[in-house]
Amino acid sequence: MVVAALAVDAVVHIRLAPGYQLAAPDGIGEGNLFYLESAAAIVAALYVLIRGSRPAFWLALIVLAAGLAAVLLYNYVDVPAIGPIPAMYDPLWFPEKSISAIAQGLGVVFAIAGLVRLRR
Numbered sequence: 001m002v003v004a005a006l007a008v009d010a011v012v013h014i015r016l017a018p019g020y021q022l023a024a025p026d027g028i029g030e031g032n033l034f035y036l037e038s039a040a041a042i043v044a045a046l047y048v049l050i051r052g053s054r055p056a057f058w059l060a061l062i063v064l065a066a067g068l069a070a071v072l073l074y075n076y077v078d079v080p081a082i083g084p085i086p087a088m089y090d091p092l093w094f095p096e097k098s099i100s101a102i103a104q105g106l107g108v109v110f111a112i113a114g115l116v117r118l119r120r
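Quick note: the sequence shown uses the working numbering, first residue 1, plus one each step.
Note that these hints are calculated values from the structure, not bench results. All the pointers check out, no bait thrown in.
Distance ranges between label pairs, derived from CB positions: (1) P25 - P55: 33 to 41 Å; (2) N75 - A7: 18 to 26 Å; (3) G27 - P55: 30 to 38 Å; (4) L73 - L115: 18 to 26 Å; (5) A113 - A66: 17 to 25 Å; (6) R119 - V77: 32 to 40 Å; (7) Y89 - L36: 16 to 24 Å; (8) A87 - G52: 32 to 40 Å; (9) A39 - E96: 14 to 22 Å; (10) L36 - W58: 14 to 22 Å; (11) M1 - A70: 19 to 27 Å; (12) M1 - P95: 16 to 24 Å; (13) P18 - R54: 32 to 40 Å; (14) S53 - I85: 28 to 36 Å.
Cβ coordinates follow ideal geometry from the N, Cα and C atoms, glycine included.
Go ahead and model the full structure; you've got the sequences and the hints to work with.
Structure follows, in structure tokens:
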């Protein structure tokens, strides 16, 4: 389930990235940050799939929780640009964003469950 959540996270961000990068075609831009999120999700998914170890589940938890925190923060708070990181306020919940947030939230729960299961 953790791998599935990470896969949904990666696919949604890869699909949305080009449209978001249009605002900063030569800069860091939100699109490039989406590609970084996708890459992190893919690496974490492969790590969980191949190893299934506590460090793998920790990485998955960090990637999923960070993504969920970012989408919630930038949905409800108008954070200004911070250095090279663009302002990414987006108060609308459209289907892809909702699917990604739900997958990230469920993934966090399943990653914690994986950590608890491996603790025994």
